[in-house]
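This is what each chain is made of:
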Amino acid sequence: MTAKQQMMWRAVPEAMYDFTILPERLSEMLNVAGVLFMVALAAFLYIVMVILINVLKLKNKIDRKNDDFLLCDIAYFYEKGRRDEQEDSILISPMSDYLDHGVAVAVSDGMGGLAYGEVISRYVTDRLRELHPIDFDDNVKNAEIIRRISDEVYENYHLGSGATLVMVQIKDNFMNFYSVGDSNIILIRGGRATVLNPKQNYIFLLIRKMAEGGMSTHDAYINNRARALVDFIGNVNCRVLHTDSPIRLYEDDIILVCSDGVTDTVSASKLCKQVSSQYSAASSAQRLKLAIKSKKNPKQDNYTGVLIRMERSFL
Amino acid sequence: MIEYYAFKHRGDAATYDDALHMCIIPTTTMVLYYGSHQNENYKRDSEMLTDIFASDYVQSDFSVLCQVLEATITKDAEYMLLRISDSEIISVRCGDIGAKIVMGGEMRSLPNGRFGLHTGDRIVCGTGKFFEKLTDEAILCDALVSEDCSEWMNLMVRRISDVNELRCGNLTAVNFIVRGQTD
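Residue numbers (our numbering), protein chains in the order written: chain A, 1 to 315; chain B, 1 to 183.
Think of the hints as simulated: they come from the structure by calculation, not from any bench. A hint or two may mislead.
What the hints assert, rightly or not - As a list, the in silico DMTMM-like pairs of lysine to aspartate or glutamate whose alpha-carbon atoms are at most 25 Å apart:
1) A/K141 to B/E106
2) B/K8 to B/D136
3) A/K209 to B/E132
4) A/K80 to A/E118
5) B/K100 to A/E251
6) A/K171 to B/D136
7) A/K171 to A/D244
8) B/K100 to A/D252
9) A/K270 to B/D162
10) A/K289 to A/E85
Using the sequences and the accompanying hints, generate a full structural model.
Okay, structure coming up:
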């Protein structure tokens with residue numbers, strides 16, 4: 001090796017680590033890359049922090065009321081039956097708001113035999129949809145909102161038409177309900193179905209009168225007007241029946257919010273054959289719908305039902 | 001203040017054999033006697049209860065009243081004795097008599113003895129026959145929906161009527177709502 005070659009051999013490795021001799025453009029690129037790396041690292045740390053904060057917030061929210069936080073598995077069916085028009089209408093609030101506002105489910109049933117039933121039931125659910133999110137804790141205010149909707153209907157139709165309304169609101173394992181008319185809110189718990197909402201029909205007045213008079217109530221059930229509604233959406237200053245404080249729900253509870261087209265064909269006491277906590281809400285809804293169809297009721301009314309199955313969260 | 005409503009119905013029986021006695025001053029005290037589920041002593045027991053509730057004994061200490069009752073009426077009598085105020089209820093139950101309390105969105109059986117109450121708590125006591133056709137969920141919802149005791153009772157009666165048209169023997173029940181202190 002010549003002296004010149006020896007000098008070059010030594011000079012090359014030293015030059016490799018001497019950035020001052022790098023081309024100016026390469027140096028700029030390295031600087032930019034460094035800055036970008038730092039920005040990416042900061043962004044990554046920020047995202048990780050945001051995720052952690054949200055997870056902690058979520059955990060707090062879940063722990064706030066209960067260790068056993070329950071989720072709602074929801075399914076619905078919506079059929080015309082033998083009627084010319086579908087006069088039922090439903091509302092299910094967005095599940096994306098479940099943790100903050102819970103879920104609201106409503107079924108409105110246009111009054112049969114009267115004009116504009118389908119328009120009014122749709123109007124009721126549309127108005128409730130506009131009001132979303134509905135405050136879970138202020139049930140008196142919510143009842144007042146529904147009463148005002150009824151007054152709005154009255155102003156347009158002057159008792160010429162109307163609808164029923166049942167609405168449940170579920171949040172943090174508790175449920176409030178609102179009811180006007182004779183649609184149904186049914187709780188299926190432990191294999192037993194219970195209609196939760198009192199019906200606002202004439203028979204209630206007859207039974208009260210007869211019971212207070214110490215009589216049997218048989219005559220109330222054979223009265224021609226027994227099922228006539230004494231209150232409904234579209235009546236002026238209607239009474240909205242609502243829970244004073246929320247009802248506690250448990251795992252495997254099923255809530256069926258439905259029009260009377262469902263219970264006229266499959267009575268509440270026989271619902272448990274089709275609806276069970278063993279099945280998903282969709283499966284139960286499918287079974288119930290098939291059961292109604294298989295009855296082939298020649299006077300089958302519109303039938304609409306929303307099933308809510310309370311299930312444990314694995315979060 | 002305690003709001004209450006009592007329901008007594010003969011049903012399809014020939015006579016009304018249960019008994020319900022109340023005294024609301026100074027504290028609401030009640031005895032519900034399940035005579036229709038009883039032996040032939042129900043008439044004698046009923047008369048004894050009428051006498052006790054007409055006497056000063058009804059205002060005496062609850063334990064004293066219990067002792068008087070136990071000493072007076074038939075040994076196997078089915079009855080419920082309670083005293084209720086805004087802050088507590090004390091009760092003794094013997095036999096097939098139900099008592100439920102609605103609080104915090106849930107319904108529980110009212111235990112024998114002393115139990116703390118808060119404004120808005122609701123209680124229903126009745127004979128086994130009264131509760132026979134009612135589910136806990138139904139009683140709970142009727143309690144939460146109704147504005148007063150009479151409406152709550154009528155909603156429960158309607159549920160019983162839907163099953164048997166009140167053709168089921170004597171029905172006796174009383175319900176209470178704790179309204180809290182009023183000015």
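message = Just to be careful, I want the Cα atoms of B/K100 and A/D252 compared with a cutoff of 25 Å; is the pair within it?
response = Distance of about 24 Å is within 25 Å: holds.
query = Keeping to a limit of 25 Å between CA atoms, is the pair of A/K80 and A/E118 held or broken?
reply = holds, 11 Å
key: Proposed proximity, B/D136 with A/K171 (alpha carbon, max 25 Å)   = holds, 21 Å
ask   = Regarding the pair A/K289 and A/E85, is the alpha-carbon distance no greater than 25 Å?
value = Roughly 18 Å between the alpha carbons, so the hint for A/K289 and A/E85 holds.
ask   = Given the hint that A/K171 pairs with A/D244, does the C-alpha gap stay at or below 25 Å?
value = holds, 15 Å
query = Is it true that the CA of A/K141 sits at most 25 Å from the CA of B/E106?
reply = The hint holds at about 23 Å.
Proposed proximity, B/E132 with A/K209 (alpha carbon, max 25 Å) = The hint holds at about 22 Å.
task = With a cut-off of 25 Å on the C-alpha distance, tell me whether B/K100 and A/E251 pass.
result = holds, 23 Å
inquiry  = Holds or violated: A/K270 and B/D162, Cα atoms, limit 25 Å.
reply    = holds, 15 Å
key: Given pair status - B/D136, B/K8, alpha carbons within 25 Å   = holds, 21 Å
When each numbered hint is compared with the structure, no violation occurs for any of them.
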